[in-house]
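**Q** Once you have looked at the hints, place chains B, C and D on chain A.
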Amino acid sequence: MFSPLVRIQREDFSLQDEIDALSAGRADIGAVVSFTGLCRDEAGTLAALELEHYPGMAEAEIARVANEAASRWPLLGLVAIHRYGLVKPGEQIVLVLAASAHRRAAFEAADFMMDYLKTRAPFWKREHRADGTLGGWVEAKGEDDDAARRWE
Amino acid sequence: MFSPLVRIQREDFSLQDEIDALSAGRADIGAVVSFTGLCRDEAGTLAALELEHYPGMAEAEIARVANEAASRWPLLGLVAIHRYGLVKPGEQIVLVLAASAHRRAAFEAADFMMDYLKTRAPFWKREHRADGTLGGWVEAKGEDDDAARRWE
Amino acid sequence: MNTVTATAAAGTRPVRIVYFAWVRERVGLPEETLDIPTDLTTIADLVRWLKARGEGYETAFADETVVRAALDHVHAKPQARLGAAREIAFFPPMTGG
Amino acid sequence: MNTVTATAAAGTRPVRIVYFAWVRERVGLPEETLDIPTDLTTIADLVRWLKARGEGYETAFADETVVRAALDHVHAKPQARLGAAREIAFFPPMTGG
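Chains as they are written, first to last, in numbering that gives the first Met the number 0: chain A, 0 to 151; chain B, 0 to 151; chain C, 0 to 96; chain D, 0 to 96.
Chain A with its partners taken away, still in its complex shape (with noise of 0.2 Å):
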């Protein structure tokens, strides 16, 4: 058995890093896939995306979506990564990573917890406009809660 690494931080993290130190040393590992979402300009109307989370709760929630992930799928190794605070566009907010023997228990640990981080992990997004206004908090969307529930 592995234990899912799960970190929430303000600094920005390395891909290449996470996945060097999943497969450090070891040959059993078949496929990683990994997910990096990214902050968008929107069309180059966004300064930065402000992050605000819930600590203490927003690793204990995503520790338990990676644990449920480990449960469902024969995985190798599994990574969560969530930023909080300022993160200007092309910047990245959060990162998954799963490892597996065979590809498809990669693939869908990883979307499953995508979907998950969406609608369970204690984190809001607020806007900072290019304008220098003060944009609104980010309306959660219907669609992240319908792909949630297709792991039911």
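Among these hints, one or two may not hold up.
[Claimed, not checked] Straight-line distance between alpha carbons at most 25 Å, and here's what the computed BS3-like set of lysine-lysine pairs gives:
hint, chain 1, residue 1, chain 2, residue 2
1, B, 87, B, 140
2, D, 76, B, 140
3, C, 76, A, 140
4, D, 50, D, 76
5, A, 140, A, 87
6, C, 76, C, 50
In case anyone wonders, no lab produced these hints; they're calculated from the structure.
**A** Showing chains B, C and D alone in chain A's frame:
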């Protein structure tokens, strides 16, 4: 419109370099999904995989699959790299990268690319065993055909 | 036994209540420790009690079906029992990822 | 017109034939240029013609439903017409990825 990047090469590749190249100088990408296929050691019994390919057709066929993916999903970038020659356990064999504004397109396109690469790209694997003998040609799996049929 | 229960029901207990995003902005503070009546059974009971405290709460919880809650870092539905929870959180639907 | 067609049908034309993986091993060579009869219409016709050339081909194409083919770098089914294809490939089911 963008052109998918397809490379067939003997040398290893860097996921980080490919992601950096894909996303350099732009902030319209919100999601990047990567798939990395690695050589497993099959519990220590495998010394290497030998990958034979059909030069010319390999590039052409993967480009056809990539263009099909680009026509099906609203992608902002697509990369497919496949190695040939001798690959050792723990080494990388194949990389697919799909970028889009929202995550669903990137996940589905990467998944689709791998299913089609497995069943349509003219590559054949042969095992070199740890005991020094030449193993057989890896047999195609019916489940790969089933996986590819999901997209029809 | 009855006497003890009646006494407890009439009392209060301190809980830490935390607010996030626009719930936090409408309530006007990120967290507070309140002595809540021990006869509040569910999260919905607590929300009704909070709404009686002032306009900020009234606005924050105007649509009770929108605001989400967590008991000691675990998501909980409005009908969930408060039990012995020490930290209760209220926040809008999540938009991370 | 009839005369021209009949002449062509009775002739031969050179095509490059390439083999991969265990098809290559059984045939015994990676590629060859053969003058094939112009009256071979489909890939299946060509396979039958090749099988008559010797034991290696016979073994390689023993189970005709397994071996795959491509015409000028494009996958093709046994019933596909050879047309003017200049390079015809035969190989086992793919195992890349």
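**Q** If you check each hint against the structure, which ones fail?
**A** none
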